[in-house]
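Number of protein chains: 2
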Amino acid sequence: MATIEFFWEPGSPYTYLAATQIGRLARDTGSELQWKPFLLGKVFQERKMTLPAAIPAKAQYMFKDLARWAQLYALPLTMPKVFPVNSMLANRAAVAATLQGQGEAAALAILGAYWGRGEDISQPEVMLQALKGAGLDAEALLEATQTDPVKDQLRANTEEAVQRGVFGAPTMFYDGAMFWGNDRLDLMKAVIEGRIKA
Amino acid sequence: MATIEFFWEPGSPYTYLAATQIGRLARDTGSELQWKPFLLGKVFQERKMTLPAAIPAKAQYMFKDLARWAQLYALPLTMPKVFPVNSMLANRAAVAATLQGQGEAAALAILGAYWGRGEDISQPEVMLQALKGAGLDAEALLEATQTDPVKDQLRANTEEAVQRGVFGAPTMFYDGAMFWGNDRLDLMKAVIEGRIKA
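Taken in sequence, the protein lines are chains A and B. Terminal number for the first sequence in my numbering: 202, no gaps in between. Terminal number for the second sequence in my numbering: 202, no gaps in between.
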């Protein structure tokens with residue numbers, strides 16, 4: 005069984021879109037799915053990149069584009085009151101959940117809070133509610149965010165992203181081949197199904 | 005009949021991909037199609053943007069991504085020997101052809117020469133061959149590139165792109181709504197067909 009690795013960042017709106025689709029894509033194609041939360045901000049720093057939203061014309065377009073995708077996927081979408089957001093806590097909570105095999109539930113809970121409802125996920129109480137709402141052990145996960153194994157794993161994921169050429173989120177790897185963005189899910193599916201080469 | 009405006013630039017690889025699809029999309033949806041060549045470099049200057057390929061990790065990924073789309077569309081793809089290219093001549097020839105109602109033929113000829121075969125379209129003899137190969141009056145078009153109406157129209161298209169919020173290529177407008185990129189053709193189609201709102 006081939007593996008899809010899903011590198012994702014809570015602060016990324018296209019990650020929100022893709023996260024709601026990738027589980028089904030993996031099931032439909034019989035692929036194993038690995039959730040890999042990482043710090044996109046660190047990757048941008050490393051590559052001397054700026055946020056796409058730093059260009060005003062692009063930022064203006066982006067929210068319209070997101071709204072179209074949200075309609076297509078039938079998802080709620082709210083521009084967060086805090087953007088960009090400090091995603092350290094959310095990212096660590098995601099890592100903690102992933103270490104317990106709850107990567108998908110945590111991702112959908114966190115991204116839903118931030119991009120679906122526009123909440124400030126840098127706040128512990130917001131994170132508590134979001135994780136609880138998904139049936140996760142929210143208190144334990146937030147406690148785990150202060151532990152070395154979780155901090156180390158987030159650092160390792162981020163370093164791995166840099167090493168493997170990631171420059172945005174979400175980034176998927178299928179059988180080693182990299183795909184960037186919600187808008188490449190179909191292309192990745194075409195590769196998985198053997199319709200095109202990677 | 006609603007109109008699709010297709011803002012395109014010879015030096016843009018995703019424009020090559022989209023240009024081969026947009027004609028059919030327009031026919032399938034019963035839309036009028038307007039070809040609008042413009043100088044993407046000027047728009048980048050205006051918005052203080054850099055080429056996407058300026059980030060090494062992105063450039064490396066981009067060519068793989070292009071190769072996947074080319075497979076999907078069954079198109080030839082060759083990394084041009086000269087990139088980025090001075091697209092002034094090609095852009096003016098495209099404008100000249102468009103003024104004579106030959107916008108699609110010229111676009112496919114120019115983009116095919118540059119991205120399909122990797123030729124240096126800044127050279128008049130390359131442009132001559134490419135336009136001739138498409139059955140166009142190549143000599144007349146190249147002569148027209150030196151005339152004021154053509155120069156002015158290219159300037160006007162570029163200025164229009166800036167004014168309307170364009171920041172990349174290709175950019176499509178359907179009934180005033182903007183869509184950026186080959187990877188937004190399906191989303192635009194969904195809007196044209198009324199499946200989602202713009």
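One should not assume that every hint holds.
Calculated pairs, BS3-like style, for lysine-lysine (alpha carbon to alpha carbon, straight line, at most 25 Å) [stated by the list, open to error]:
{"#": "1", "chain 1": "B", "residue 1": "LYS155", "chain 2": "B", "residue 2": "LYS46"}
{"#": "2", "chain 1": "B", "residue 1": "LYS201", "chain 2": "A", "residue 2": "LYS62"}
{"#": "3", "chain 1": "B", "residue 1": "LYS85", "chain 2": "A", "residue 2": "LYS62"}
{"#": "4", "chain 1": "B", "residue 1": "LYS201", "chain 2": "A", "residue 2": "LYS46"}
{"#": "5", "chain 1": "A", "residue 1": "LYS46", "chain 2": "B", "residue 2": "LYS46"}
{"#": "6", "chain 1": "B", "residue 1": "LYS85", "chain 2": "B", "residue 2": "LYS62"}
{"#": "7", "chain 1": "A", "residue 1": "LYS193", "chain 2": "A", "residue 2": "LYS136"}
{"#": "8", "chain 1": "B", "residue 1": "LYS46", "chain 2": "A", "residue 2": "LYS62"}
Part of the chain A face toward chain B, derived, beta carbon under 8 Å [claimed, not checked]:
{"#": "9", "residue": "LEU70"}
{"#": "10", "residue": "ARG121"}
{"#": "11", "residue": "GLY122"}
{"#": "12", "residue": "SER126"}
{"#": "13", "residue": "ASP187"}
The set of hints was computed from the structure by calculation and includes no laboratory data. Ideal Cβ positions, reconstructed from N, Cα and C, are used throughout, including at glycine.
Broken hints, by number:
Going through the list in order, the structure violates hints 3, 4, 5, 7, 9, 10, 11 and 12 and respects the others.
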